[in-house]
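Could you build the full structure based on these sequences and the hints that come with them?
For the record, the sequence lines run as chains D, R and Y. The first sequence: position 277 = 276 (numbering that gives the first Met the number 0), numbered continuously. The second sequence: position 178 = 177 (numbering that gives the first Met the number 0), numbered continuously. The third sequence: position 160 = 159 (numbering that gives the first Met the number 0), numbered continuously.
All the given hints hold, so there is nothing to weed out.
With a Cα cut of at most 30 Å, we get these calculated DSSO-like pairs of lysine-lysine: (1) D:Lys40 to D:Lys260; (2) D:Lys260 to Y:Lys308; (3) Y:Lys260 to D:Lys308; (4) D:Lys188 to Y:Lys260; (5) Y:Lys40 to Y:Lys260; (6) D:Lys40 to Y:Lys308; (7) Y:Lys40 to R:Lys308; (8) R:Lys308 to Y:Lys260; (9) D:Lys308 to R:Lys40; (10) R:Lys188 to D:Lys260; (11) R:Lys331 to Y:Lys331; (12) R:Lys308 to Y:Lys308; (13) D:Lys260 to Y:Lys40; (14) D:Lys40 to R:Lys188; (15) R:Lys260 to R:Lys40.
Simulated from the structure, these hints should not be mistaken for lab results.
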Amino acid sequence: MRVLAERTDAQLVGAGDVLIHCVAALDNAGVGAITFLANPKYRSQLATTRASAVIVSPRDADATALPKLVTANPYATYARVASLFHPLQPVAPGVHANVALAPTARVADSASLAAYVVIGERTIIGERVCIHGGCVVGDDCTIGEDVTLYPRVVVYPKTSIGPRTIVHAGAVLGADGFGIAEQAGRWIKVPHVGGLVIGADVEIGANTTIDRGALGDTVLEDDVKLDNQIQIGHNCRIGAHTAIAGCTGIAGSTRIGRNCKIGGAAMIAGHLNIPDGTVISGTTGVLDSIREAGMYTSAFPILPHREWKYVASLVRRLRTLNDRVRALERDKPEQGE
Amino acid sequence: MRVLAERTDAQLVGAGDVLIHCVAALDNAGVGAITFLANPKYRSQLATTRASAVIVSPRDADATALPKLVTANPYATYARVASLFHPLQPVAPGVHANVALAPTARVADSASLAAYVVIGERTIIGERVCIHGGCVVGDDCTIGEDVTLYPRVVVYPKTSIGPRTIVHAGAVLGADGFGIAEQAGRWIKVPHVGGLVIGADVEIGANTTIDRGALGDTVLEDDVKLDNQIQIGHNCRIGAHTAIAGCTGIAGSTRIGRNCKIGGAAMIAGHLNIPDGTVISGTTGVLDSIREAGMYTSAFPILPHREWKYVASLVRRLRTLNDRVRALERDKPEQGE
Amino acid sequence: MRVLAERTDAQLVGAGDVLIHCVAALDNAGVGAITFLANPKYRSQLATTRASAVIVSPRDADATALPKLVTANPYATYARVASLFHPLQPVAPGVHANVALAPTARVADSASLAAYVVIGERTIIGERVCIHGGCVVGDDCTIGEDVTLYPRVVVYPKTSIGPRTIVHAGAVLGADGFGIAEQAGRWIKVPHVGGLVIGADVEIGANTTIDRGALGDTVLEDDVKLDNQIQIGHNCRIGAHTAIAGCTGIAGSTRIGRNCKIGGAAMIAGHLNIPDGTVISGTTGVLDSIREAGMYTSAFPILPHREWKYVASLVRRLRTLNDRVRALERDKPEQGE
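Structure (structure tokens):
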């Protein structure tokens with residue numbers, strides 16, 4: 000415990016010589032495990048956990064007699080403790096015998112390329128990069144040091160990925176955006192000649208897609224965190240430290256500020272500006288630019304289906320209700336108040 | 000027909016010696032085909048179908064003079080009949096010459112591994128498993144007997160898949176969840192050390208993603224059916240026999256009961272409980288736990304765009320409308336009623 | 000400029016001998032670049048662009064003194080100009096040494112198959128087809144001439160793809176649809192024995208999924224354009240020249256007309272009809288068939304979160320508001336008007 004407290008700058012309360020050998024959740028921790036309370040929903044489990052120690056906020060410190068790390072940010076402290084027990088595995092360097100490596104590609108000696116990986120012409124793979132099975136990296140890409148590409152990631156040509164970035168399986172980086180011009184009832188494809196620039200310390204979820212720019216680049220700044228199944232359109236710019244939850248879609252040319260938090264299944268239209276520090280709730284549709292940071296939501300309230308049918312029909316006829324109120328106001332008898 | 004009736008426990012009405020050699024849809028069936036009516040939308044096609052026989056419910060039995068199987072559940076009976084005409088193809092056992100098989104992996108003799116498959120250390124592949132081209136299965140996985148992985152499925156390490164489960168192309172099973180802790184405006188990654196446990200008879204759609212647990216496992220119980228492009232967050236538990244339609248997202252740590260039906264593009268927030276037997280309509284956002292089983296919906300009614308603009312502006316100003324009604328109520332002259 | 004005007008049938012205004020060697024966006028064009036103004040949001044950049052020429056509509060022609068191509072449809076003209084500067088790269092024909100080609104597959108001499116591609120039995124690959132690394136094409140498929148499959152596309156058996164169609168990375172074409180029949184609380188899988196027929200000049204985005212038919216085919220007609228992460232259910236028919244933006248889901252057996260435009264993250268239920276020329280806004284849920292072409296929208300207006308909470312609670316209680324207005328109307332004193 001003493002070591003954990005030192006490494007995380009948390010305050011140690013209780014026996015400092017308890018031996019901790021793993022992390023675990025409140026409800027299934029056992030002897031030797033340290034657990035944490037971050038979400039107040041689970042506070043009642045604090046009394047019954049069989050963990051040997053716990054990470055809590057000052058507010059919850061009195062609620063348990065266990066040895067504890069007290070910290071203003073228990074989830075972040077837990078993340079650090081868990082990383083101590085589960086350090087990143089060092090990559091075994093080397094190129095698998097069955098890799099399609101273009102003659103002009105440059106791969107660092109400390110990088111690891113697994114089976115059935117394809118690397119294009121002039122692409123540069125940095126130190127300690129780990130590329131899992133079945134990834135395809137196109138021509139003229141730059142993969143920064145300590146990057147991890149999980150299996151079956153596709154990186155289109157001319158994409159650049161910054162150091163320490165992690166890309167989960169099935170993600171597609173740098174495909175053509177949805178650029179089509181209508182003429183006489185048919186579609187003409189707009190060539191996508193821009194690139195995709197991904198910063199350092201970014202994490203990209205499984206099966207997420209990020210399009211290249213039509214002209215100019217699509218940009219993800221440093222420390223952007225994307226969950227699974229997200230779609231980012233061509234020429235978007237996502238500011239540093241912005242986190243976006245799963246199933247969210249962002250249409251082309253939209254600029255999202257720094258330190259934004261965007262909930263799951265949000266949908267943001269194209270050519271918009273979202274300022275730094277904005278919070279968008281899950282399932283919210285953003286159809287216009289936002290001028291002022293804050294938390295924004297659009298979601299029809301959930302109801303039992305029959306009740307919803309009735310309410311939805313009233314919403315449809317809100318104009319009528321409004322007209323009826325106006326008529327009542329007009330017809331209101333004069334009063335002396 | 001007689002054989003079909005016996006195999007499906009349906010009631011045979013009409014000539015039992017009609018020869019049936021295929022299944023077909025109402026509107027393009029021909030001689031020798033058996034068709035079915037399950038969706039009342041298509042009832043009018045019953046009169047004009049050129050099928051040789053039909054599967055109907057007792058309610059629709061009089062609407063056709065064709066030989067028929069009468070059953071309370073025509074769609075299920077059709078599914079059984081279609082399976083008789085289209086049995087699962089037996090797998091040709093064997094490992095393709097070009098498979099990257101870790102030395103400690105154990106593959107059953109009756110299993111089939113196609114080209115460019117990668118199998119990790121200590122992973123166990125059961126009897127008659129069929130792994131299509133380009134799949135990547137990580138270390139320490141267990142793939143139960145008769146499982147099918149369609150092309151390019153990725154299975155992260157320490158994932159377990161139960162017997163007879165089918166996983167469609169591009170699905171990603173067991174990626175890290177979206178666990179990040181904020182500290183001083185930056186994100187710290189939370190290690191994902193839990194696993195993913197998938198039951199028996201599960202089906203998982205194309206490009207669906209299911210994250211592993213952060214601590215403890217993400218669990219799909221037996222006979223869960225997932226459509227395409229679904230996202231299931233870390234530490235979710237989906238109860239047995241629950242079916243979820245495409246594009247739905249379920250955030251982390253949510254528990255969905257047994258025998259639930261969740262419509263397409265529904266979005267369910269994290270840390271919620273949904274009881275057994277709940278029905279969630281398509282496009283519905285669930286932001287709070289549901290206490291009682293039933294059918295729930297949230298969806299703004301669709302309108303012609305101009306009308307929508309007007310209605311949406313009224314919704315925005317509902318507070319004003321409410322205040323106006325309150326003012327009218329306050330100012331209402333006393334009445335003798 | 001003169002050449003560009005001739006090739007695009009646009010009207011040349013200003014010096015025709017300006018040398019143009021690239022295309023660029025208004026805000027980062029330099030000497031030698033031609034740019035364009037199509038979205039009025041960017042009109043102010045016309046005054047400050049450092050491009051050597053510009054493509055504009057007659058309405059904007061006076062707003063710049065630069066040499067220009069004046070055309071009723073600047074975006075389409077730009078698309079043509081950009082294609083002149085960025086012609087499609089001719090494919091280097093040949094089959095990579097490491098391709099799993101079934102003995103009965105027929106591959107045109109001019110086709111290009113990259114590393115780790117799998118081609119099934121009896122499948123036909125047309126002239127100048129380009130199949131990138133890691134694609135898996137099943138048995139009995141037909142891939143028309145000049146088709147491009149980007150890396151890791153999966154094509155299930157019995158799928159047909161028309162000439163010049165482009166499929167982006169990670170797309171899954173022809174997986175089983177979500178057909179399950181409930182019986183006694185369990186699910187029976189409905190065999191999917193139909194096919195998938197994709198027309199000519201179609202474009203399909205990254206990680207998009209299109210299911211095969213259960214009975215009969217799923218059909219995409221010519222010149223259909225699909226963005227990324229779209230889900231098309233079994234037995235849908237999408238009419239020619241229809242364009243669908245990212246993250247949209249279309250449930251099974253729905254028929255979408257020709258020349259429709261469907262916004263991002265729209266969700267369309269199953270068994271519906273959408274007429275030719277319909278426009279569906281982004282994030283709109285379509286739960287019933289549409290009878291008349293037009294633009295349709297359903298979206299709860301976005302609000303600051305606190306305001307949304309209040310408005311959402313009023314929506315929930317719209318029935319009460321309606322009742323209160325009715326009571327006021329009933330109690331209204333008789334008037335002489």
